[in-house]
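Listed here are the chains, written in short residue letters.
Protein chains: 2
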Amino acid sequence: MPIDTRFDPSGSLVERLDLPPLGTGPLDGLTFTVKDNIDLAGYRTSYGSPAWRDTHPAPVHNALCVDQLLAAGGRCVGKAVADEFTYSLDGENPFFGTPRNARAPERVPGGSSSGSAASVANGLADFSIGTDSGGSIRVPASLCGVWGMRPSLHRISEAGVLPFMPGVSTVGILSAQRGFLDAAARVLLRSGEKPVASPKRLLLLSDMLEVADAAVADQVHAALEQISRHCGLVAEPVRFSQLIGEDLPLSYCNFEALRDLQTAEFQSTLGNWIETANPELGYVFSMAYGNVRQFDRIARLDSLTRCERLFEKINAGLPEGTVVCFPTTPVIAPLKGSLNNLDAVLDFYDRTMIATAFSGVGRLPEISAPLLTVEGCPVGLSFAAAHYQDEFLLSAVGEMLAA
Amino acid sequence: MPIDTRFDPSGSLVERLDLPPLGTGPLDGLTFTVKDNIDLAGYRTSYGSPAWRDTHPAPVHNALCVDQLLAAGGRCVGKAVADEFTYSLDGENPFFGTPRNARAPERVPGGSSSGSAASVANGLADFSIGTDSGGSIRVPASLCGVWGMRPSLHRISEAGVLPFMPGVSTVGILSAQRGFLDAAARVLLRSGEKPVASPKRLLLLSDMLEVADAAVADQVHAALEQISRHCGLVAEPVRFSQLIGEDLPLSYCNFEALRDLQTAEFQSTLGNWIETANPELGYVFSMAYGNVRQFDRIARLDSLTRCERLFEKINAGLPEGTVVCFPTTPVIAPLKGSLNNLDAVLDFYDRTMIATAFSGVGRLPEISAPLLTVEGCPVGLSFAAAHYQDEFLLSAVGEMLAA
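Quick note, the sequences are listed as chains A and B, same order. So the first sequence is residues 1 to 403, counted in my numbering. So the second sequence is residues 1 to 403, counted in my numbering.
Calculated directly from the structure, the hints in this document are not laboratory data. For clarity, every value in this text was computed on a predicted model and none was experimentally measured. Any given hint could be a false lead.
[Said to hold, decoys possible] Keeping only pairs whose Cα atoms sit at most 25 Å apart, straight-line, the calculated DMTMM-like set for lysine to aspartate or glutamate is: (1) Lys194/B <-> Glu246/A; (2) Lys194/B <-> Glu256/A; (3) Lys313/A <-> Glu193/B; (4) Lys313/B <-> Glu193/A; (5) Lys194/A <-> Glu256/B; (6) Lys313/A <-> Glu312/B; (7) Lys194/B <-> Asp247/A; (8) Lys336/A <-> Asp347/A; (9) Lys194/A <-> Asp302/B; (10) Lys194/B <-> Asp302/A; (11) Lys313/A <-> Glu210/A; (12) Lys194/B <-> Glu210/B.
Let the hints inform the model, and build the full structure from the sequences given.
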């Protein structure tokens, strides 16, 4: 039964609802929200677009990942606002509003899993599930000061999640506490009793600090000193070119590889629908979609091969027992209204996507921990490990950060 | 411009067409067909169902994998018949017909990439792209006597491929000659100049021979003797339980793991559409869908965890340089009309899916080579390697089988 959204003054939710657990397990007693591009049976999925919602019937089945959570004891309490077609990192939806960034209310929450981050930051749920193709879990986690995990590409079932960028998109988790993230992740990852080793080596991807604001970089060093005191692991600075053994800048992952794959895949999923359905589009999205439409993917197909080669090289640089860390985003959340000029937008997106493309192209699991504060605003510190080393990463982060 | 299908007496194609290359490259001069669940711009995609085709507009963009082939010099000459919703292994579509099995015309071609296999077996194209979730490339390749490759899960972009079973479905290749398969695969896999090693070890998964007809098993031994004489690699028999280091039968991969994941994912993709659109369904599909509808996935969620554990164990049993082989299907193609009694259907499906579930749950690349002949009919001999070792497998098969 939908409840009036006035009961959610944070604007995190499209609808409050109450789907009771379908079993008992590690999520007993925990509540969660679901990003509005993941199906909930009987509720129309909007994809952040009223036009999409109104032309697609309500699904009959929950997304498989939702049923995994309900069967493990979780209770679903809301459908969370997403950016329009999940194609944004800022969290301002012209139709569904801008969820409140609890720790920095005058700033955007980040997107596209904006409502997922805000719902846990505002105390409406213990955790949330969202999706991440270019940073859509990690960015709002960083900017709202909550935990976020983008798992290894395709570790979590995407059945019942709207198709977006099949070679990049992941289902992942946001939460207010590390323990909730850990519990939900192990259910979704179907981890069983997988044994894991302790972290042997912590790398600091130093190029990321050059992309970041100086105050963010300072905070990273301070946090790493604390970790070193706590668990004895001293972060070793390494440049991207050293990690992959090839003289390429970190920004290559985004500008010469991942972004083209994302855009090409977007054309073949939502692009077809937009061109044929001619839906009402928000102003910002329609500008962005103009670029997607213009994109000449035949001319850029070499990017796909570069993605594959970078995947190999990044993972070869992350042997067993290795964790690599870097600031999740190079900046704190932009002020609301500040992203309405092109220079500001490009600076925010280009720098942020340089940070997020590393794990994207590496298909790495990445956990953003809410450890940094700059000008009173949160920023995440990210930890990543090799592809499919999700359970190792969860345990390693636990060892490094447990109080 | 659609051409009358009377020009294709084999019934492999829904439409002949002519999409010229968009560039030059390793596929110069080669023609290909595309399974009718993969988008071709300007042509409605049917998914093997007139009801689906008539309620979905023609896509504006090709699937990304189609553009990869066109840009590499390939020419697309046809849209190939698929089984209804690609949910079958026998290749008999009540609406689009049964493509001719060129080497055994009184028998079914196998499915669901029935038209893809038949189009290359009947000489209409050099290769074809299809999809494989539970055997839909490997089975028709085996039964029609052509080459078939199911690559590692998610190695090839699925953008523009209709969503079916996101955690299982792959795009792959069928072809009349190994060289064409190799060339098309390296384009789609974006292999670049990835270096590969020679095969060091050839395993024979011996449980597969117990599932197979005796005549098929005899042919496997004969083929392996030839390979041994040719390249010196002697196949070492190994049981599934030895390979994974746990006392489980081979059939566990199918009955206790993969089949449940497939069914659960099917509910959350096509299931929603079928329930809300109420389309006309073929008789055989509607029977099969009845089982999907009844499936209690909450009760079977443990299967997902078993899939994950089997993936780990199978891959741990396939170290670098290792190839494992087994008959692609346990039987030759069933006679047309023989699959109309339940016992025959269950025998064909259960035994065949025991064979195909191994690579399915292992997310392995598998190549079916048209090496065996039983009662004058073709059967494939499959070679598989560890997850993501696609380039190694292609080269290894080349070394083992090159004339």
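Here is how each hint holds up against the structure:
no., hint, in the structure
1, Lys194/B <-> Glu246/A, "15 Å, holds"
2, Lys194/B <-> Glu256/A, "19 Å, holds"
3, Lys313/A <-> Glu193/B, "13 Å, holds"
4, Lys313/B <-> Glu193/A, "13 Å, holds"
5, Lys194/A <-> Glu256/B, "19 Å, holds"
6, Lys313/A <-> Glu312/B, "22 Å, holds"
7, Lys194/B <-> Asp247/A, "18 Å, holds"
8, Lys336/A <-> Asp347/A, "15 Å, holds"
9, Lys194/A <-> Asp302/B, "15 Å, holds"
10, Lys194/B <-> Asp302/A, "15 Å, holds"
11, Lys313/A <-> Glu210/A, "22 Å, holds"
12, Lys194/B <-> Glu210/B, "37 Å, violated"
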